[in-house]
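Going line by line, the protein sequences match chains A, B, C and D.
First residue of the first sequence? That's 30 in the numbering used here, and the numbers climb one at a time after it.
First residue of the second sequence? That's 227 in the numbering used here, and the numbers climb one at a time after it.
First residue of the third sequence? That's 49 in the numbering used here, and the numbers climb one at a time after it.
First residue of the fourth sequence? That's 192 in the numbering used here, and the numbers climb one at a time after it.
Everything labelled a hint here was simulated from the structure, so no lab data went into it.
It is possible that part of the hints are untrue.
Label-pair ranges, simulated between beta-carbon atoms [stated by the list, open to error]:
#1 B:Val386 with C:Arg672: 26 to 34 Å
#2 A:Leu121 with B:Thr385: 33 to 41 Å
#3 B:Lys364 with A:Phe34: 54 to 62 Å
#4 A:Leu434 with B:Leu323: 52 to 60 Å
#5 D:Asp248 with A:Phe34: 46 to 54 Å
#6 A:Ile245 with B:Val246: 49 to 57 Å
#7 A:Val369 with B:Lys364: 49 to 57 Å
#8 B:Val246 with A:Leu434: 34 to 42 Å
#9 B:Ser374 with C:Trp121: 53 to 61 Å
#10 B:Leu323 with A:Ala49: 54 to 62 Å
#11 A:Ala323 with B:Val386: 56 to 64 Å
#12 B:Val386 with C:Val657: 40 to 48 Å
#13 A:Leu417 with B:Lys364: 32 to 40 Å
All figures in this text were calculated on a predicted structure; none of them were measured in a lab.
No residue lacks a Cβ here, since even glycine has one placed at the ideal position from N, Cα and C.
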Amino acid sequence: MISFFLALVSANAELFITLAKILLLLFIVLTVNAYLTWFERKVVAHIQSRWGPHRVGPHGLLQPLADGLKFLFKEDPTPAGVDKFVYYLAPLLALALALTSIALIPFGPDPIRLFGRDIYLGITPPDLNIGILALFAVTALGVYGVALAGWSSNSKYPLLGGLRSSAQMISYELALTMSVVGVLLMAGSFNLKKIIEAQAHHPEWGLFGWNVWPQILGFFCFFIAAVAETNRVPFDLPEAESELVAGFHTEYSSFKFAMFFIAEYTSMITVSCLCSILFFGGWLSPFPAWWTYAHYLPSALLISFGLWVIWDGIRYETLFGRIVLPGVGTVITALGALFVLLPDVNEFIQAPFWLLSKIFVFLFVYVWMRGTLPRFRYDQLMAFGWKLLLPLSIMNVILTSFAILAKMQWWGAK
Amino acid sequence: MTAQLAVFFVLAGLAAIGAVSLILQKHPIHSALSLIVVMIALAGLYLLLGAEFVAAVQIIVYGGAIMVLFVFVIMLLNAGIEEHTSISKMAGAPGLLLVVALAGFVAATIARSTESIQATSQTGELASTLGISNMLFKDFVYPFELTSFLILVAVLGATVLAQREKS
Amino acid sequence: MPTHPMLEYLWIITLLPLLGSAVNGLFGAKWPNKIVNGVAIGSTGLSFLCALEAVREFFESGQVLFHKEFFTWIAAGNFRVGFDLQMDQLTVVMVLVVTGVGWLIHIYATGYMAHEGGYYRFFSYLNLFMFFMLILVLAANYVLLFVGWEGVGLSSYLLIGFYFLRKSASDAGKKAFIVNRIGDFGFMLGMFLLFRAFHTLDFQAIFTSSTLQGWPVELGGHLGTLTFACLLIFMGACGKSAQLPLYVWLPDAMEGPTPVSALIHAATMVTAGVYVVARSHILFAHAPTAMLVVAIVGCATAFFAATIGLVQTDIKKVLAYSTVSQLGYMFLACGVGAFSAGIFHLMTHAFFKALLFLAAGSVIHAMGGEQDMNRMGGLSKKIRWTYLTMLTATLAIAGFPPFAGFFSKDSILLSAFQNENGGRSAGYALYGFGLATALLTSFYMFRLIFLTFHGKRRYDEHKVHVHESPRTMLVPLMILAVLSIIGGWLAAPAMLGAGPDYFTKFLQPVFGGSEAAGPEGEVRALELTLAGIAVITALIGVTAAFWLYLKGSGKADSLAKSMWGAYATLLNKYYVDEFYAAMIVKPLLWISTNVLWKTADVAGIDGAVNGIAAGTTAIGDGVRHTQSGNTRSYAVWVVVGALVVMAVIFFWPFGGKPVLGMLR
Amino acid sequence: MVPTNYYVILSAILFGLGVFAFIFKRNIITIFMSIELMLNAVNLAFVAFSQALGKLDGQVFVLFVIVVAAAEAAVGLGIIILIARNRQTLNVERVNLLKL
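This is chain A alone, in the form it adopts within the complex (with noise of 0.2 Å):
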């Protein structure tokens, strides 16, 4: 039996990987997001002066878990005179789409080697020629979702939400699409690769030499035209509690809300993801080249980190704390101790480790975003998009291709 199945997997070997590579990203981002949602009610919870939840768990830790339990336990009644079979596809479209967005997406430039064989960070190999086309495409799609749920659901509501957040993604996906051209343009491919080694010609320049600084208006216009890609605050317009109940999941309920929401956060990593990756470098880390002794930099985060949790957990006020965070204080720690004990290893992990710590910090910047900023108008959000974010991305265009251009004629450079 167990020989059977081994023969199996080395039979086509290729294929079992890609699987187990899909089931541990599916883990990952399935429990990054639990984790995402906590996150964010700290922080908006602090930013609010308030607590935040505290009482499932040590800093209510294990509250994620809690709420899973809670979409998959509870009743999921389908309202009367729903289309049933659209009903159900948008969930599953939303969350489809939003997971092979990330799918998409190269964690780190080289492989592992393992059990005899290449395996790369992420599910497709990082040189995929299309690579930004393809997850263009793919959260093209992503308007679905929402649209068919809006209108499926056969309530008002929802279809307002639906209709803003087809209108809404329609006209700032141009935005989008435009103002990446400039970065393409610089890097001369769609393949991300490329284009994060496109900004590291310079080795000695470190973070200078990434995209924000010559692509400084593209990256701006990106991200807000990618915040209002994902309707997260201030354009949360499909969603505006305020306005329609919760806007196009006002019928949803249970696992299929879960969905929706899953999808919501998986995108919001996306957007990190390609934030990131376009613009501030992807895997390469900050500092020059030559600053050897930053590869350790990791590890002092972690072991300092693991230390914090220790002392922290020690003191902590009830005893299930008291026992439980040492020990994640101690693991930490000691991962951080293997990482500096194992030179290859350490190697190896810092490219994930930027571009995770870059993508943390856009993430802490739409929680921080929502905690500040209030909801566009309707009106205000079309001229925005349309008069405002959609030229400025074509200058932006226009502007760099003239300076490739002129750098072309006068340097000769390529």
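Fit chains B, C and D to the supplied structure of chain A, relying on the hints for placement.
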């Protein structure tokens, strides 16, 4: 190369089924969804043909923009099940015959024209994006500019059409 | 700067009148008469001066024929026509006559037309006529000549119908036009024949062509190409110069204003026929038969018209018929080979006939529009100058020495007498008729004088108050009077044995040695005797007129009664118009009404058109039902169209791609 | 390696289905979609041939077709909205004023 053939047949079946269901569906939004399926299947076929850029554009523009517009309009007009009237006599049996004949002709004509083309072993060379861009901005630059004018005109027309006249 | 600028730019002579015509016609409507006069007289006078200059240069260049092509007008295969003008002795005479007399008549007209409406229109037409006439005489090939030919026809039509509100006037215009068409038809056929024979229509090319040199003289009876060509051209000439079958339009043409009658229907246009015959004299020289025909027709016309002239009471009609008969004289001259004599008579006739008409116009002017001689009489005191000038002209036309008419007519009679073509008898017959015509001429001319100026007046003193014409009218009269006195003296020395006939000598390069320079020995004796006879006949005519119309006034009427039939016949012009009406006009009318109109047009053409219209409507009614307004059915039709296209592509039988095939 | 004919036949089938829908559907929007379907069929043929001939022109033309389709969709949907506003129906058979 059986894998490719298998993929082709899967995608082709998907496309055909989508097209059929576009016809059979009573509600426009279902038709729209079927059409989207067709388009995605076609994108897959394009990938199979090595035209990855076209595939991406197909999904982005058709799937992400045009069909969204359709869905948007359907939702906006709140179109219901299409009522089954048969006022037009032409669009009955004679129409059916004509359609069949036309399809036959199209197939026959194209098939005959393909006889001349022996399927050269195209391994979908992946640098096609560069080639397309070269062609688009060198050989076809004037048509390209013209399309930009077309788009402009279309935008103006749509604006004029959509705005309610102040009365 | 070319040595002979005016010859180099010969076209200027023709262009000036056209310019004047255009300016007057386009802008003259608003202008006061003075400016119109300025333009009209200025342009003609200028072209007269240019003509003089051209003639001077022509003489300076030793009288060699000048021929220049200005641009190619028509080029089709080997048929080539250029706008080219030429200048030789004949042209010199014609150009001077046309421009000079034309100019005088313009001046006269300013006075005569002063009170008429459409003043600018009149002068525009008149200048147009000058333009075409100059083209006619300067042309160096038949086609260009034909252009002038038609042009003068057009302007004569316009001017005859000048008072188009009067039905008689417009009818007369149409009549002139149509009758001329008949002649032009013959003329064109003649041109075609010539082109077929010589493959060109250029004068010099034809006349000097080896074809013509080698051409056998088509002796009597043998009707060859040239004979037919000449006869056809002569047919055209008959139309234009009012010869026997086709003369009918000229008397009616008197409906036009008198200056027009003087200029077009006496001095210049009607002589175009003579000019053409003279121009193509070499052809005629090869066709004796044609010559004979010309001579006979001319002679007959002369006599015939003179007889009609005897009894006319309308002053202008009398002059019209006398014109016809004088033209007959000219053709007689050409017919007997005395071309120079014909041209000579043409010139002198231009002088005195123009003078006669202008004088008559002056009389009519004085009588306030009265034209009937029976309502005149005893005017000699009242309008002295007019009387004197007219008397001069009358003496000239009657052929009294030393007036112009005497010499020209005399030389014509002489050559008629000497004519061998067709036998001596023919010559004698021609001479006899010519002499008789001379008699009649002097008779009716003096009848005119007596009735108009002498005897007791037959008009109402109170209604009509007679007054002499303004100076603008009198001055041309005087000039012309002088000309018609001295105009003939060029030939005088020959007759008096004091040297050659200068006119003939001058024209010799054109007409060749066919005529001796100045008669010798017994010929001169013969000439003198003939001249004496002519003068005597003229005197007889005068006395007869005097005895009939001045001495006893009743005699004329009694004579008319005594021989009523003849008188009526003459009075009705031999019923020629009625004859034509019955023989030609009526049948034509019938055919056009019943066959062309009722059958062909209404039944055939209209039927077809209406039928097509009805059919279309019916089809439309049928097809309309396919347009159900239902979009789906339209879609089906679209599919049908696509199907057709695909079928064409698929079943294209002729190989290749159909669409590309169509494009190729 | 998939023979070109397969693609071509598939595109023919899709085109035929598009025509069928164009004639037999009554909802204007659906009819409009069927036009898009036909365009897609043509695109497929284009790409197939471009691959078979080893030339990229076909793909370029596909891009043009897509652009034109986008413009057409914009204007056409505007018109459809107007029709729906003025005639309160989306059934083409009820929009039949286009006759004598």
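Going through the hints against the structure:
1. Distance hint check for Val386 of chain B and Arg672 of chain C: the Cβ-Cβ separation is about 33 Å, which falls inside the suggested range of 26 to 34 Å.
2. Between Leu121 of chain A and Thr385 of chain B, the C-beta spacing of about 36 Å keeps the proposed range 33 to 41 Å intact.
3. Hint check: Lys364 of chain B to Phe34 of chain A, Cβ distance near 56 Å, so the stated range 54 to 62 Å holds.
4. For Leu434 of chain A paired with Leu323 of chain B, a C-beta distance near 59 Å keeps the hint of 52 to 60 Å intact.
5. For Asp248 of chain D and Phe34 of chain A, the hinted distance range of 46 to 54 Å is satisfied, since their beta carbons lie about 51 Å from each other.
6. Ile245 of chain A and Val246 of chain B have their C-beta atoms about 51 Å apart, which keeps the hinted 49 to 57 Å range intact.
7. With their beta carbons about 55 Å apart, Val369 of chain A and Lys364 of chain B fall inside the hinted range of 49 to 57 Å.
8. For the pair Val246 of chain B and Leu434 of chain A, the supplied restraint of 34 to 42 Å is violated, since their beta-carbon distance comes to about 50 Å.
9. Evaluation of the 53 to 61 Å hint for Ser374 of chain B and Trp121 of chain C yields a pass: the beta carbon distance comes to about 55 Å.
10. At roughly 56 Å, the beta-carbon separation of Leu323 of chain B and Ala49 of chain A lies within the given 54 to 62 Å, and the hint holds.
11. Between Ala323 of chain A and Val386 of chain B the C-beta distance comes to about 59 Å, which sits within the given range of 56 to 64 Å.
12. For Val386 of chain B paired with Val657 of chain C, a C-beta distance near 46 Å keeps the hint of 40 to 48 Å intact.
13. The supplied range of 32 to 40 Å is met by Leu417 of chain A and Lys364 of chain B, whose beta-carbon atoms lie about 34 Å from each other.
Checked against the numbered hints given earlier, the structure breaks only hint 8 and satisfies all the rest.
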